[in-house]
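Asks: Sequence:
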Amino acid sequence: RRVNCAANLKQLGMACLMYSGEHQGAFPPDLATLAEAQLLPVGKVYCCPSRPADPVPASAADLRAGKCGYIYVGAGLRDDDAEATRRIVAYDRPGNHDGKWLNALFVDGHVEGVAARSIEDACQQKGWLLPKPQAK
71 RRVNCAANLK QLGMACLMYS GEHQGAFPPD LATLAEAQLL PVGKVYCCPS RPADPVPASA
131 ADLRAGKCGY IYVGAGLRDD DAEATRRIVA YDRPGNHDGK WLNALFVDGH VEGVAARSIE
191 DACQQKGWLL PKPQAK
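Its first residue numbered 71, the sequence shown is counted upward by one per residue in this note's numbering.
These are calculated hints, taken from the structure and not from any lab test.
Fair warning: there could be bad hints in the mix.
Said to hold, decoys possible - In silico PhoX-like pairs for lysine-lysine, Cα to Cα no more than 25 Å straight-line:
| # | residue 1 | residue 2 |
| --- | --- | --- |
| 1 | 170 | 137 |
| 2 | 80 | 170 |
| 3 | 137 | 80 |
| 4 | 114 | 170 |
| 5 | 202 | 137 |
| 6 | 114 | 137 |
| 7 | 80 | 196 |
| 8 | 114 | 80 |
| 9 | 80 | 202 |
| 10 | 170 | 196 |
As the list claims (entries may be wrong) - Each pair of labels, with its calculated beta carbon distance range:
| # | residue 1 | residue 2 | range |
| --- | --- | --- | --- |
| 11 | 77 | 152 | 23 to 31 Å |
| 12 | 125 | 194 | 28 to 36 Å |
| 13 | 200 | 84 | 20 to 28 Å |
| 14 | 73 | 123 | 14 to 22 Å |
| 15 | 80 | 188 | 15 to 23 Å |
| 16 | 91 | 153 | 17 to 25 Å |
| 17 | 196 | 148 | 18 to 26 Å |
| 18 | 71 | 195 | 19 to 27 Å |
| 19 | 71 | 93 | 26 to 34 Å |
Glycine residues also receive a C-beta, built at the ideal position from the N, C-alpha and C atoms.
Produce the entire structure from the sequences given, and follow the hints as far as they go.
Replies: And the structure:
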């Protein structure tokens, strides 16, 4: 299931990179935008296979309402990020993989996993970077 989860994140990453290629390097504001732009259809790819009881999103509205197995933090990121191999775009929701493993997607499109209970623990262990919060 961890490998299937990583493959889902990889598909999300490829769709984000396709979006950025059409939007001057900018990543989408949210994952629902990928579905609306017809870059990645709504369905199981947005769900972690370690949580089969979670509802599968049926629309972009479902994704915006939080029916997604992943936390997207890519809004405001660009595909030319100087830390593309370390900057996180999306990662597992807490509790996926029994809270003992975490997969993360990076700006350059690769996915890594680590034995960690939180994204903060994973970042500390691996030197990963979360995007800085955007000013509103």
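Asks: All hints are to be evaluated individually against the structure, with a verdict given for each.
Replies: Hints, verified against the model:
Between residue 170 and residue 137 the alpha-carbon distance is near 21 Å, which keeps this suggested pair within the 25 Å criterion. Note on residue 80 and residue 170: the hinted pairing holds, with a Cα-Cα distance of about 20 Å set against a maximum of 25 Å. Annotation: proposed proximity of residue 137 to residue 80 holds, straight-line Cα distance about 19 Å (limit 25 Å). A hinted pair counts as satisfied when its Cα atoms are at most 25 Å apart, and residue 114 with residue 170 qualifies at roughly 22 Å.
The straight-line distance between the Cα atoms of residue 202 and residue 137 is roughly 24 Å, inside the 25 Å bound, and the hint therefore holds. In summary, the hint linking residue 114 to residue 137 is supported, as the alpha carbons are separated by about 11 Å, within the 25 Å threshold. For the proposed pair residue 80 and residue 196, the alpha carbon gap of about 19 Å is at most 25 Å, so the pair holds. Pair hint residue 114 plus residue 80 holds up; C-alpha atoms about 13 Å apart against a cutoff of 25 Å.
With a C-alpha separation of about 22 Å, the suggested pairing of residue 80 with residue 202 holds against the 25 Å cut-off. Taking the CA atoms of residue 170 and residue 196, the gap is near 15 Å; set against the 25 Å cutoff, the hint holds. The beta-carbon spacing between residue 77 and residue 152, approximately 27 Å, falls within the hinted interval of 23 to 31 Å. Distance hint check: the CB atoms of residue 125 and residue 194 are about 32 Å apart, consistent with the given range 28 to 36 Å.
Judged by the Cβ atoms, the range 20 to 28 Å given for residue 200 and residue 84 holds: they are separated by roughly 21 Å. A hinted range of 14 to 22 Å for the beta carbons of residue 73 and residue 123 is consistent with their spacing of about 20 Å. Between residue 80 and residue 188 the Cβ separation comes to about 22 Å, which falls inside the hinted range of 15 to 23 Å. The beta-carbon spacing between residue 91 and residue 153, approximately 20 Å, falls within the hinted interval of 17 to 25 Å.
At about 22 Å, the CB distance of residue 196 to residue 148 agrees with the hint of 18 to 26 Å. Checked against the hint of 19 to 27 Å, the C-beta distance between residue 71 and residue 195 comes to roughly 21 Å, which is consistent with it. In this structure the supplied range 26 to 34 Å holds for residue 71 paired with residue 93, their Cβ-Cβ distance being about 32 Å.
Checked against the numbered hints given earlier, this structure breaks none of them.
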